[in-house]
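Here the structure of chain A is known, so what remains is to put chains B, C and D in place on it, guided by the hints.
Number of protein chains: 4
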Amino acid sequence: SGKLFLIAGPCVIESEAHVRKMADAIQRITSGLGVPYIFKASYDKANRTSVESFRGPGLKEGTAILRRLAEATGLPVLTDVHEPGHCEIAAEGADVLQIPAFLCRQTDLILAAGRTGRAVNVKKGQFVAPWDMKHTVGKLQTTGNNRFFLTERGASFGYNNLVVDMRSLPIMRKLAPVVFDGTHSVQTPSAANGVSGGQPEFIPVLTRAAVAAGVDGIFLEVHDNPAEAKSDGANALDLKYLHGLLETLLAIHEAAHAKVTAE
Amino acid sequence: SGKLFLIAGPCVIESEAHVRKMADAIQRITSGLGVPYIFKASYDKANRTSVESFRGPGLKEGTAILRRLAEATGLPVLTDVHEPGHCEIAAEGADVLQIPAFLCRQTDLILAAGRTGRAVNVKKGQFVAPWDMKHTVGKLQTTGNNRFFLTERGASFGYNNLVVDMRSLPIMRKLAPVVFDGTHSVQTPSAANGVSGGQPEFIPVLTRAAVAAGVDGIFLEVHDNPAEAKSDGANALDLKYLHGLLETLLAIHEAAHAKVTAE
Amino acid sequence: SGKLFLIAGPCVIESEAHVRKMADAIQRITSGLGVPYIFKASYDKANRTSVESFRGPGLKEGTAILRRLAEATGLPVLTDVHEPGHCEIAAEGADVLQIPAFLCRQTDLILAAGRTGRAVNVKKGQFVAPWDMKHTVGKLQTTGNNRFFLTERGASFGYNNLVVDMRSLPIMRKLAPVVFDGTHSVQTPSAANGVSGGQPEFIPVLTRAAVAAGVDGIFLEVHDNPAEAKSDGANALDLKYLHGLLETLLAIHEAAHAKVTAE
Amino acid sequence: SGKLFLIAGPCVIESEAHVRKMADAIQRITSGLGVPYIFKASYDKANRTSVESFRGPGLKEGTAILRRLAEATGLPVLTDVHEPGHCEIAAEGADVLQIPAFLCRQTDLILAAGRTGRAVNVKKGQFVAPWDMKHTVGKLQTTGNNRFFLTERGASFGYNNLVVDMRSLPIMRKLAPVVFDGTHSVQTPSAANGVSGGQPEFIPVLTRAAVAAGVDGIFLEVHDNPAEAKSDGANALDLKYLHGLLETLLAIHEAAHAKVTAE
Numbered sequence: 001s002g003k004l005f006l007i008a009g010p011c012v013i014e015s016e017a018h019v020r021k022m023a024d025a026i027q028r029i030t031s032g033l034g035v036p037y038i039f040k041a042s043y044d045k046a047n048r049t050s051v052e053s054f055r056g057p058g059l060k061e062g063t064a065i066l067r068r069l070a071e072a073t074g075l076p077v078l079t080d081v082h083e084p085g086h087c088e089i090a091a092e093g094a095d096v097l098q099i100p101a102f103l104c105r106q107t108d109l110i111l112a113a114g115r116t117g118r119a120v121n122v123k124k125g126q127f128v129a130p131w132d133m134k135h136t137v138g139k140l141q142t143t144g145n146n147r148f149f150l151t152e153r154g155a156s157f158g159y160n161n162l163v164v165d166m167r168s169l170p171i172m173r174k175l176a177p178v179v180f181d182g183t184h185s186v187q188t189p190s191a192a193n194g195v196s197g198g199q200p201e202f203i204p205v206l207t208r209a210a211v212a213a214g215v216d217g218i219f220l221e222v223h224d225n226p227a228e229a230k231s232d233g234a235n236a237l238d239l240k241y242l243h244g245l246l247e248t249l250l251a252i253h254e255a256a257h258a259k260v261t262a263e
Numbered sequence: 001s002g003k004l005f006l007i008a009g010p011c012v013i014e015s016e017a018h019v020r021k022m023a024d025a026i027q028r029i030t031s032g033l034g035v036p037y038i039f040k041a042s043y044d045k046a047n048r049t050s051v052e053s054f055r056g057p058g059l060k061e062g063t064a065i066l067r068r069l070a071e072a073t074g075l076p077v078l079t080d081v082h083e084p085g086h087c088e089i090a091a092e093g094a095d096v097l098q099i100p101a102f103l104c105r106q107t108d109l110i111l112a113a114g115r116t117g118r119a120v121n122v123k124k125g126q127f128v129a130p131w132d133m134k135h136t137v138g139k140l141q142t143t144g145n146n147r148f149f150l151t152e153r154g155a156s157f158g159y160n161n162l163v164v165d166m167r168s169l170p171i172m173r174k175l176a177p178v179v180f181d182g183t184h185s186v187q188t189p190s191a192a193n194g195v196s197g198g199q200p201e202f203i204p205v206l207t208r209a210a211v212a213a214g215v216d217g218i219f220l221e222v223h224d225n226p227a228e229a230k231s232d233g234a235n236a237l238d239l240k241y242l243h244g245l246l247e248t249l250l251a252i253h254e255a256a257h258a259k260v261t262a263e
Numbered sequence: 001s002g003k004l005f006l007i008a009g010p011c012v013i014e015s016e017a018h019v020r021k022m023a024d025a026i027q028r029i030t031s032g033l034g035v036p037y038i039f040k041a042s043y044d045k046a047n048r049t050s051v052e053s054f055r056g057p058g059l060k061e062g063t064a065i066l067r068r069l070a071e072a073t074g075l076p077v078l079t080d081v082h083e084p085g086h087c088e089i090a091a092e093g094a095d096v097l098q099i100p101a102f103l104c105r106q107t108d109l110i111l112a113a114g115r116t117g118r119a120v121n122v123k124k125g126q127f128v129a130p131w132d133m134k135h136t137v138g139k140l141q142t143t144g145n146n147r148f149f150l151t152e153r154g155a156s157f158g159y160n161n162l163v164v165d166m167r168s169l170p171i172m173r174k175l176a177p178v179v180f181d182g183t184h185s186v187q188t189p190s191a192a193n194g195v196s197g198g199q200p201e202f203i204p205v206l207t208r209a210a211v212a213a214g215v216d217g218i219f220l221e222v223h224d225n226p227a228e229a230k231s232d233g234a235n236a237l238d239l240k241y242l243h244g245l246l247e248t249l250l251a252i253h254e255a256a257h258a259k260v261t262a263e
Numbered sequence: 001s002g003k004l005f006l007i008a009g010p011c012v013i014e015s016e017a018h019v020r021k022m023a024d025a026i027q028r029i030t031s032g033l034g035v036p037y038i039f040k041a042s043y044d045k046a047n048r049t050s051v052e053s054f055r056g057p058g059l060k061e062g063t064a065i066l067r068r069l070a071e072a073t074g075l076p077v078l079t080d081v082h083e084p085g086h087c088e089i090a091a092e093g094a095d096v097l098q099i100p101a102f103l104c105r106q107t108d109l110i111l112a113a114g115r116t117g118r119a120v121n122v123k124k125g126q127f128v129a130p131w132d133m134k135h136t137v138g139k140l141q142t143t144g145n146n147r148f149f150l151t152e153r154g155a156s157f158g159y160n161n162l163v164v165d166m167r168s169l170p171i172m173r174k175l176a177p178v179v180f181d182g183t184h185s186v187q188t189p190s191a192a193n194g195v196s197g198g199q200p201e202f203i204p205v206l207t208r209a210a211v212a213a214g215v216d217g218i219f220l221e222v223h224d225n226p227a228e229a230k231s232d233g234a235n236a237l238d239l240k241y242l243h244g245l246l247e248t249l250l251a252i253h254e255a256a257h258a259k260v261t262a263e
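Chains as they are written, first to last, in the numbering used here: chain A, 1 to 263; chain B, 1 to 263; chain C, 1 to 263; chain D, 1 to 263.
Any given hint could turn out to be false.
Note that identical chains are pooled: a pair holds if it fits in a single copy or bridges any two copies.
Claimed, not checked - Think about it this way: if two alpha-carbon atoms lie no more than 20 Å apart in a straight line, the pair counts; the simulated DMTMM-like pairs of lysine to aspartate or glutamate are: (1) K174 - E201; (2) K230 - D108; (3) K60 - E92; (4) K21 - E228; (5) K3 - D216; (6) K134 - E52; (7) K240 - E228; (8) K240 - E201; (9) K230 - E52; (10) K174 - D216; (11) K21 - D224; (12) K134 - D216.
Calculated from the structure, these hints are not laboratory results.
Here chain A stands alone, though its shape is the one from the complex:
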């Protein structure tokens, strides 16, 4: 249709109470604005910079938490998977399985995710050209699963920095619906001491730009207290800014839409 959807939630499941609190708060905002909303949280952060970092409740407990959340809220739920063997279990709790950017070239993981029949969101690797995502799409299609989308989250630009190439959005939209990840795109990888830093001040700038360039959805890691978040707090959007940001994005989407679809 052209309706902008939102994937949002805390980076990791910090506790069942916290994901419920976040889902409820975000759902109130998106309902008010008429934005389709998919809840996002990870059960395991498998590629933290440091081995001491918090990783989450793990596959089984995390999946159970997500399933209860989906039932209680009626929201579709997205979570990311890291090994082929985890996909079936994760699919019990989640409506969308997400392939992390670092793993977007791992054939078995993509195939296992595709075979669950769940929708699949593949994040484009920081080392992948947008046109090369056609190979990922080709792998997914061999599973007979045609419910997938692709997410832009920045490209390597020198060391400890990412740049978002807005040309990637129309290039990937020829392959599948495209989501812009406004919070990982402002990461400064490993720039802090043992954890990735971030520039949350650029979340509004980049998401506005991406929506004007043309995307189908927006991905945001949102936290009610980023300074205390157990993962990726440095680049999370503070919940208190979400409503205002979405209002602006919807207005831009509408302004850009006629032209975007006409091209």
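Just chains B, C and D now, kept in the frame of chain A:
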């Protein structure tokens, strides 16, 4: 104010008749839309890839053509300068002197341009971090000239390719008004055989994104027949698309504006 | 000691006969030159661009082939692992477990490899700054395994291209012994149609440079018929060039050595 | 021949006494090692980051100083030029005119330098692909001057950082003799506060690598007291390290040579 302005025209003065034709056509469009308009054309293309490429009428003849155009149309005129000794003469024909991206570190050129008292537009070099434009601004300020703005036109991204980092726009806006150059940003430097190639299909995408990110003006090289343009035709916007693009940009600007100024 | 070692072999186990043929041929060359030699081949190519590409004999059969090869030749053997659950089995056939570049941030894989007690070679991701490999080293050290080394194989440089930053070699050598991968560093990722292309003509240039910069070992995918190789033939070194290249590298290593160790 | 030559000296003419002192000291070292030596110093630093930075004695006085130095020492002298109109005067004092990297696309400057009949050294811009230097060579050749060489000094790699792509050396050697600039390649552009910083600890690593990769000459800014240098001290080689570095480079050059020329 927040009103989006336009700098536009053919890359180079192909003939007096052609710049007049282009200025008239663009002026009709911008008048209808209420967009402040600055005419742009170069009297000399001093850094063509090949020595055989067309360079323009030269400093004196070009300046005279621009002055007559300004008088006839009432439009302010922008042209680029390449040597300190050319600034005074160019200033007779132009209201805005532009420092090309490759030359944005040449102290004497910046000082000479600043001393003319004309407004100065400095294009950020493809090799310069946005925060380092403060040094350029510092040089300009020593001339007592405070009428200047900065233009984003892409950063080096591997070979024969540029990427537009939308974060540069708010970073540079802390220093001066910022223009986004939507046509040079889609150049593929020297990628063609002896001339720079381009991806004009991305002009709408990148200008929409930049306006949503937040800029003060847009720069576009516009030609009524890009395939026959004597310079940079590969990345020029075809005149026939200008009206539609500006309409979209104005709508996006308005949608983004409340938020942009509120940040 | 300062003795340069070699890790080399075909990209993938094409057949038991072929890996034996390659191991024998390379061993003859390295024995003659007094170069310590570790045989390399993959049992599974888990991140091929296309799902139709040849992947190898798989974990169990591949491990058995490698174990027989090690017994027959007396050579230490290296192979790469892709999932934590594969490490124990792979360790039965291999003396060195290698973490692929795309997976160098996957904590569980690094820990599982470390816990086998086998030596571990971690390839630096194309998206990782050399100083950030300290986090990988930290993860490995928590397993009590101190037999590891790090491999440079190029950094993302725009799209479909890698650049080798020779500064990474001394930076990483402060963390562990460092290997330079002269064949993956000349890959042009996904640049060909569905497979990665390569520039084998630059293998000698980059390996000479790396040895002069200072490394502990060299990694080369070597094939007796690159045009017919079942994986990565586009960037493999033709076996017929190996002897001459090693001679040059040894001479450069000796010439550079006094200075390198004196710094 | 294959004999490695050296271009070296202080970044800028700090005083006549200082350039003489530096030339004498370097000449003693190169004579002892049998290395052909070209003295280098700039009369004007035209692109300093800050307008307050020291720029040198200027064109006329600088040229006179260089001419007297050439006469007294018998050394060939190199200096860089920034405007077409300066080339003839600079050619009175210098045997080699150098085009700065930022200016390598300025057609008139290249033509003016070529027309003096002096040898011309063009530094490859940080934003230029090595194969595109053929266009620069083409411009020079239209002047009938065939005495030119090309210098590698790093490519833009994200912000405030350069990377040396060693592949550029053989690519450019198909066009002309190639020099590796070991001191500007370790600049961190504008990373310090208003001046470019540097990583002189990487000068030996990169020059060793470049010589092993294969070059015709080495360019080094050398100072007897880098901490007090009036320009670019942050990336200069301390004079006291020059002899040891050259010894190593000559040994590597000899070790690599047979192979390099045989390719």
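| query | What hints, given by number in increasing order, does this structure fail? | reply | Those not satisfied: there are none.
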